[in-house]
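Sequence order for the protein chains is A and B.
The opening residue of the first sequence carries number 238 in the numbering used here; numbering runs sequentially from there.
The opening residue of the second sequence carries number 124 in the numbering used here; numbering runs sequentially from there.
These are computed hints drawn from the structure, not numbers from a lab.
Since this is a predicted model, take the numbers as computed values, not measurements.
Hints may contain errors.
What the hints assert, rightly or not - Here are the simulated BS3-like pairs of lysine-lysine, each with C-alpha atoms no more than 30 Å apart in a straight line:
{"no.": "1", "chain 1": "B", "residue 1": "K254", "chain 2": "A", "residue 2": "K260"}
{"no.": "2", "chain 1": "B", "residue 1": "K246", "chain 2": "A", "residue 2": "K260"}
{"no.": "3", "chain 1": "B", "residue 1": "K272", "chain 2": "A", "residue 2": "K323"}
{"no.": "4", "chain 1": "B", "residue 1": "K254", "chain 2": "B", "residue 2": "K272"}
{"no.": "5", "chain 1": "A", "residue 1": "K288", "chain 2": "B", "residue 2": "K239"}
{"no.": "6", "chain 1": "A", "residue 1": "K296", "chain 2": "B", "residue 2": "K254"}
{"no.": "7", "chain 1": "B", "residue 1": "K254", "chain 2": "B", "residue 2": "K239"}
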Amino acid sequence: MDATKQEVTKIESDDTSSSVEIKVLLFARARELTGVPDLILKVPSGSTTQKCMDELVVKFPSLEEVRSCVVLALNEEYTTDSAIVKHRDELAIIPPISGG
Amino acid sequence: MSSNEKNLIEILEEGRKVDVVKYIDYVSAPQAGAIATFSGTTRDMFEGKTVLELRYEAYVPMATRCLGSICTTARSTWDIHKIAIAHRLGPVPVGETSVFIAVSSVHRADGLDACKFLIDELKASVPIWKKEVYTNGEIWKENSEFMEKRLELAEKRELGEETCG
Chain A
238 MDATKQEVTK IESDDTSSSV EIKVLLFARA RELTGVPDLI LKVPSGSTTQ
288 KCMDELVVKF PSLEEVRSCV VLALNEEYTT DSAIVKHRDE LAIIPPISGG
Chain B
124 MSSNEKNLIE ILEEGRKVDV VKYIDYVSAP QAGAIATFSG TTRDMFEGKT
174 VLELRYEAYV PMATRCLGSI CTTARSTWDI HKIAIAHRLG PVPVGETSVF
224 IAVSSVHRAD GLDACKFLID ELKASVPIWK KEVYTNGEIW KENSEFMEKR
274 LELAEKRELG EETCG
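Just chain A, with the same shape it has in the complex:
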């Protein structure tokens, strides 16, 4: 088994034990504040989307500016603060929208 495969196995085994990795997408003002369009976030298993948001604000204190007005989407659907994230979920930070 090469090094890459071993790493993948290790991440998957974490899924059921201590932590999960999710992909975070940042749009519009949230992307400008952090300077990144997406990132991988590692959080304890059983974490809520709110906990993920808390972690993001620790990582990027500037996100505090938009925190009160963003909504979250989990795997392309609007979600609640209490939803539990799973390994490889996609969490999107949605600042106030302005389409049209």
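Following the hints, complete the assembly by docking chain B onto the known chain A.
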């Protein structure tokens, strides 16, 4: 979503203009006595400030799903034949079409009401953003329709009702 639904949903790549004729052609049909359309164009002024440039971005996969979901809701309320929705991305010069909706129906009332519903819902819940650049600064716009619906989007999810997707 039933297979007989006829929707054309396009979040256009940066630089592609809205081809209004294409979407009207898509929805037109011999049995449809009416085609209702809405065209949203970019304005040159906001609160007295001159807009130099408008720039759109989207969470494309979710925006596409959301629009599909909104079409399904419209079809459950009105008797509609076909729907086409297009939205531009990237810089859009002032005066050009940023969003276009066409709805065909047997009778005009269904098409007109559905068309209004579709643009109102698009502005309230579809993840697309617009930045306006002025001579003295720039701002990410916020739709009032979204601010009113913001909490509801999450609550619906808790009740197990269909939102996007």
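**OP:** Would you list, in rising numerical order, the hints stated earlier that this structure does not obey?
**Re:** Going through the list in order, the structure violates hint 5 alone and respects the others.
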